[in-house]
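Each chain is listed here by its residues.
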Amino acid sequence: MSYRVRIFSTPTCSYCKQAKEFLSSKGISFEDIDVSSNPEGLKEMRNITGGARTVPVIVIDNTVIVGYEEADIAKTLKEKGLIS
Amino acid sequence: MSTPRVIVYTVSGCPFCDSVKKLLREKGIDFLEIEAPPQSDQWFEMVKKTGSGALPQVLVGDESVGGYLDVIFYEASGLLYKKLGLESAETPKIETLYDVIILGAGPAGLSAAIYAARKVLKTLVISGNIGGQVTWTYDIDNYLGFSQVNAQDLIRKFREHVEKYGVETIIGQEVISADITGRIKRVTTKDGRSFYGKTLIIATGGQHRRLNIPGEKEFLGRGVSYCSTCDAPLFADATVAVIGGGNSALEAVIDLMPIAKHIYLVSLTELTGDPVLQDKVKKSPIVDIFVRHKPVAILGKQEVEGVEILSLEENKTKTLAVEGVFVEVGIMPNSSLFVDVLATNERGEIIVDEMCRTGVAGVFACGDVTSVPYKQVVVAAGEGAKAALSAYSYLINRAGKSPSSG
Chain A
1 MSYRVRIFST PTCSYCKQAK EFLSSKGISF EDIDVSSNPE GLKEMRNITG
51 GARTVPVIVI DNTVIVGYEE ADIAKTLKEK GLIS
Chain B
85 MSTPRVIVYT VSGCPFCDSV KKLLREKGID FLEIEAPPQS DQWFEMVKKT
135 GSGALPQVLV GDESVGGYLD VIFYEASGLL YKKLGLESAE TPKIETLYDV
185 IILGAGPAGL SAAIYAARKV LKTLVISGNI GGQVTWTYDI DNYLGFSQVN
235 AQDLIRKFRE HVEKYGVETI IGQEVISADI TGRIKRVTTK DGRSFYGKTL
285 IIATGGQHRR LNIPGEKEFL GRGVSYCSTC DAPLFADATV AVIGGGNSAL
335 EAVIDLMPIA KHIYLVSLTE LTGDPVLQDK VKKSPIVDIF VRHKPVAILG
385 KQEVEGVEIL SLEENKTKTL AVEGVFVEVG IMPNSSLFVD VLATNERGEI
435 IVDEMCRTGV AGVFACGDVT SVPYKQVVVA AGEGAKAALS AYSYLINRAG
485 KSPSSG
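Each protein sequence line maps, in turn, to chains A and B.
Take 1 as the starting number for the first sequence in our numbering and just add one per residue.
Take 85 as the starting number for the second sequence in our numbering and just add one per residue.
Some hints could be false.
[Stated by the list, open to error] Which chain B residues face chain A? A few, computed with CB under 10 Å, are given here:
no.	residue
1	Y222
2	G256
3	Q257
4	V308
5	S309
6	T313
7	E407
[Unchecked claim] Label pairs and their in silico Cβ distance ranges:
no.	chain 1	residue 1	chain 2	residue 2	range
8	A	K75	B	Y458	34 to 42 Å
9	A	Y3	B	D114	49 to 57 Å
10	B	D358	A	Y3	37 to 45 Å
Honestly, the hints are just simulated from the structure, not real lab data.
Glycine included, every Cβ here is placed at the ideal spot set by N, Cα and C.
Produce the entire structure from the sequences given, and follow the hints as far as they go.
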């Protein structure tokens with residue numbers, strides 16, 4: 001199954017955890033990629049962001065959001081019809 | 085269009101004049117502006133009509149309404165349109181008047197919210213995020229009742245506690261201005277909404293101090309990081325620099341030691357962090373320490389490729405080839421909205437007395453934005469409780485006084 005929402009995170013990052021909790025609270029299922037233990041995931045994250053070296057990175061369909069910006073995430077989820 | 089009946093006397097370079105004009109425009113109220121520099125004919129005319137030489141002055145026809153703070157007061161109490169003789173123009177919207185508006189939702193702000201709610205004060209919390217600086221850490225080991233608690237779990241508990249009391253919250257909004265000297269405090273958020281409170285509690289906390297050097301902003305998230313806990317794992321086998329000499333800088337180095345290939349620690353002064361941490365860092369074969377060195381620029385094209393540092397002793401610069409720069413040079417209080425009005429110390433922290441009073445009636449401050457020493461979660465929570473109780477006592481003491489007595 002491929003997810004429409006993916007999050008690149010590290011286990012020690014509070015913002016990542018906050019972002020994941022926010023997604024769960026909206027009933028969104030997502031793929032969580034731990035880039036601290038997944039070099040391929042890290043490579044992919046850096047590719048799609050044009051070189052970002054910070055987490056979280058949240059990908060919703062083809063929209064990439066760097067950092068935990070709740071308003072941006074909510075707006076994108078709405079635009080993609082994932083929440084009403 | 086007929087000549088507006090509302091007249092505003094102003095002078096250039098007067099912030100309250102700009103504020104009152106902005107407010108009237110926001111409200112869709114037409115007005116005639118008359119420039120009245122002190123001692124000018126217009127100014128004498130204004131003094132004659134209003135009995136006051138202070139600028140701005142708002143009038144309807146020949147009748148004086150008052151200055152900016154009066155206009156805010158009338159707006160907050162829903163009387164503005166009536167006062168301006170515009171009642172028929174549009175239905176006036178009565179704004180909510182809160183007993184207390186709390187800015188910030190870290191331990192100080194949320195603790196204040198709970199104490200305010202338990203005193204049955206009508207409370208509003210406005211904050212960019214929930215948790216404040218607690219979100220920067222992973223575990224907390226020194227909060228009473230928790231020998232170890234995940235920072236995120238603690239924030240969730242704080243939030244649930246506040247929600248239990250039905251406190252109104254606006255999260256994710258930045259406050260862009262605050263008028264705090266009048267009897268009614270007015271706070272405006274970035275989306276253009278205004279909120280009114282009888283009291284204000286400032287619990288805006290702190291943010292990472294920046295280096296303010298070229299490249300720092302450009303490469304944020306592309307090698308420049310303020311959160312080693314979050315981002316250290318992204319620098320596996322990389323050479324990185326950590327800037328700073330205190331505990332957080334040393335802890336960042338320790339976070340990076342098992343991950344990075346090589347670490348430069350660059351400090352303006354001798355290292356000041358705990359000796360235990362210093363020992364760990366000094367013993368590591370992969371750490372090079374540059375004390376009395378100042379970073380002057382972060383270099384790179386798409387991403388960080390190096391950092392240029394200046395030796396304060398030799399006055400010579402050198403470039404360290406690094407992929408990452410972790411900035412750990414302390415905390416800066418989020419007090420910029422208030423520094424013009426409230427007393428602050430040399431670090432920009434708001435000075436408060438033992439009851440969290442700021443010196444402006446009805447305005448209280450607590451937590452890391454204040455001069456109170458020891459930036460700890462437990463201290464901030466305690467100070468937040470004090471601020472709310474002080475606000476309560478202020479409201480009780482003011483109850484019964486007429487609106488015009490302020």
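We went through each hint and held it up to the structure:
no., hint, result
1, Y222, "holds (5 Å)"
2, G256, "holds (5 Å)"
3, Q257, "holds (9 Å)"
4, V308, "holds (9 Å)"
5, S309, "holds (6 Å)"
6, T313, "holds (5 Å)"
7, E407, "holds (8 Å)"
8, K75(A) x Y458(B): 34 to 42 Å, "holds (39 Å)"
9, Y3(A) x D114(B): 49 to 57 Å, "holds (54 Å)"
10, D358(B) x Y3(A): 37 to 45 Å, "holds (44 Å)"
Going through the hint list in order, the structure satisfies each hint without exception.
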